[in-house]
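Asks: Residue numbers (the working numbering), protein chains in the order written: chain R, 157 to 505; chain S, 157 to 505.
Treat the hints with care, since some could be wrong.
Since the list can't tell identical chains apart, any single copy or any two copies may satisfy a pair.
As a list, the in silico DSS-like pairs of lysine-lysine whose alpha-carbon atoms are at most 30 Å apart [said to hold, decoys possible]:
#1 502 - 234
#2 433 - 346
#3 473 - 319
#4 312 - 294
#5 476 - 185
#6 294 - 371
It is worth saying that the hints were derived from the structure and are not from the lab.
There are 2 protein chains.
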Amino acid sequence: MWRNISNIKKIDTKLIDKGVALRSYFEDKRILITGGLGFLGSNLAHKLVNLGSEVTVIDNLNPRYGGNIFNISGIEKKVNLIINDIRNIEAINAYLANADVIYHFAAQVSYIDALDIPLEDQDLNAKSTLLLLEFLRKNNPSCKVIFSSSRMVLGKVEGELMKETSPTNPLSLYGIHKLTSEKYLQMYYKDFAIPSVILRITNPYGIRQQIKHNKYSLVGWFIRQAMENKDITIFGEGNQLRDYIYVDDMVEGFLRVAESDNAFGEIINLGSGVSTKFVDMVRTIINVVESGSIKFVPWPSNYENIETGDIKTDLSKLEKITGFTPSVSLEEGILKTYQYYKNNIKYYL
Amino acid sequence: MWRNISNIKKIDTKLIDKGVALRSYFEDKRILITGGLGFLGSNLAHKLVNLGSEVTVIDNLNPRYGGNIFNISGIEKKVNLIINDIRNIEAINAYLANADVIYHFAAQVSYIDALDIPLEDQDLNAKSTLLLLEFLRKNNPSCKVIFSSSRMVLGKVEGELMKETSPTNPLSLYGIHKLTSEKYLQMYYKDFAIPSVILRITNPYGIRQQIKHNKYSLVGWFIRQAMENKDITIFGEGNQLRDYIYVDDMVEGFLRVAESDNAFGEIINLGSGVSTKFVDMVRTIINVVESGSIKFVPWPSNYENIETGDIKTDLSKLEKITGFTPSVSLEEGILKTYQYYKNNIKYYL
Chain R
157 MWRNISNIKK IDTKLIDKGV ALRSYFEDKR ILITGGLGFL GSNLAHKLVN
207 LGSEVTVIDN LNPRYGGNIF NISGIEKKVN LIINDIRNIE AINAYLANAD
257 VIYHFAAQVS YIDALDIPLE DQDLNAKSTL LLLEFLRKNN PSCKVIFSSS
307 RMVLGKVEGE LMKETSPTNP LSLYGIHKLT SEKYLQMYYK DFAIPSVILR
357 ITNPYGIRQQ IKHNKYSLVG WFIRQAMENK DITIFGEGNQ LRDYIYVDDM
407 VEGFLRVAES DNAFGEIINL GSGVSTKFVD MVRTIINVVE SGSIKFVPWP
457 SNYENIETGD IKTDLSKLEK ITGFTPSVSL EEGILKTYQY YKNNIKYYL
Chain S
157 MWRNISNIKK IDTKLIDKGV ALRSYFEDKR ILITGGLGFL GSNLAHKLVN
207 LGSEVTVIDN LNPRYGGNIF NISGIEKKVN LIINDIRNIE AINAYLANAD
257 VIYHFAAQVS YIDALDIPLE DQDLNAKSTL LLLEFLRKNN PSCKVIFSSS
307 RMVLGKVEGE LMKETSPTNP LSLYGIHKLT SEKYLQMYYK DFAIPSVILR
357 ITNPYGIRQQ IKHNKYSLVG WFIRQAMENK DITIFGEGNQ LRDYIYVDDM
407 VEGFLRVAES DNAFGEIINL GSGVSTKFVD MVRTIINVVE SGSIKFVPWP
457 SNYENIETGD IKTDLSKLEK ITGFTPSVSL EEGILKTYQY YKNNIKYYL
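Chain R extracted, bound-state conformation:
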């Protein structure tokens, strides 16, 4: 018993130390978040405001994507909000030139939509990163850039452990353009010493995510369907493994890398580290929401080519560099998400 108590105390102290370290790093820092009204950007903005940063949010509020004014409800008076498109780089020059850290999240967010709008996907998910880096190279080369990439850069992983060194054979334009952005960031780090970190996110979900359609996060969409007591469609048996990461864990990862010197120049996986069967994710939603049902249908033929296989995420690099391991369970994350949408659903329909 004594040992257990001692362990708990030790962990608490470490967490408090880390909280102090994060505050001491982020307090009064000028942080720019592109796509800052979106899911990840807005959750990060809330946390950064709490840590005392000067937060600037830029978002084009393109209705296709996740930007939502309500996402900064509660901190709207504490952030600079710029409604513009990051491709109009002249319009945000002053903020880019003065930023200490840029979180670059503005993106076309659906790997399915990418094929309907291939050039816009290239523009938003690749060209905008190049524009940003070119500006920083000339005007603010010590600015840190932290980029949200995706496991979709890998393509089919065939049940292998997903490592940062796994081969990159993307099966979608979305994945190709995320990969192109990764290559820009790594080249500008090597050739021009612009400090950047690439986080490859697995399957993200949580509060403030758009739930208007099924092309982005299925977790959010299914929570909405369950709340509306609808059938949730599963292709095949739903046995494919996915790594669902809750947004609070993601935000913690994105904060930690900014103050970890060893993170710069690196690609780092950011997942929950837990592999869950797709069908079990759906069952958890139905159990938590206490509504909705499952409908099994065969795989549509055009989905087979882009099915990525079972996902098992190696998080050892994240832990080694930042000391952080995600901890929110799927049930806990789904419960928090459900409670959020129950209270705020009218802002997300």
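On the provided structure of chain R, position chain S as indicated by the hints.
Replies: What follows is chain S alone, placed relative to chain R:
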């Protein structure tokens, strides 16, 4: 002696068989060459006209690049010539829709210039491939696409044998955008069965190459400098190894893959297979041209980051798939190139 004669006969028969196979494949085929007035494109056009193909050449004659009307001198009445930019894809619709094979060579060709014109490099070296594939997906999905990629997709190789599976960490925008095009081609092959082959070229040189400046092929530029009896500048000691491939060998490789069914969906190295010290390449030029001299200077500091290390090319995949191994020696290739420019220098200044 008897054995040697027998061997020679055997080789001759194989070459004749292959010549017959190439003619039988290419005769009356509709071939579109983007960038067809450039170095590789025009040399291929000459060969294809001889093989009886219906050749269409498209080129924007951008003075930055290698397009040159004189390059199709002798076959100008046997090719369809379209002066336009491939980004105006509507203008070449009819040719794309009817092509049996597209050789996609139109490109920004200097990895040094890429950084001065990052968006144009992205446009020409990545976006144009996407436009082409999107058009083919909708209108001509069985058309073969053969793409000229570059060893620059790899970045630093550190003296390792350059294989098709080597890690891709490009150090230039040129290399990143060539890699992006590779990923497009592979994705459209996997997802939509558009048959494509990617050839990764090492250091190409030969007749019909532009020699206006030193930002493209140094071999051509140095031949010009030697012909003008100038100093040829070498950074450091010039001991870095390069793989110089003569254009006739390149053209043969590009022809062979089009009629090799096993080549589709593949990335294949195309080099000479011989590693030559940079300084020895320069000495060979000075010996062949019998003019010019060497000047050694220290490496400029900004070059160190993009120096790619010694190159040794693994050609086993090329040989296995096409049965072809390049055979033109550096001395022979430089002699042919020199004789060409001696007779035609006024068209290349």
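Asks: Work down the list of hints and note, for each, if the structure agrees.
Replies: Now for the hints, and whether the structure bears them out:
1. 502 - 234: Answer is within: at 24 Å inside a copy they meet the 30 Å cutoff, but 67 Å across does not.
2. 433 - 346: between (39 Å within a copy, 26 Å between copies)
3. 473 - 319: So residue 473 and residue 319 pass the 30 Å test inside a copy (9 Å) and across (27 Å) alike.
4. 312 - 294: between (38 Å within a copy, 25 Å between copies)
5. 476 - 185: within (25 Å within a copy, 58 Å between copies)
6. 294 - 371: Intra 37 Å, inter 23 Å, cutoff 30 Å: inter-copy only.
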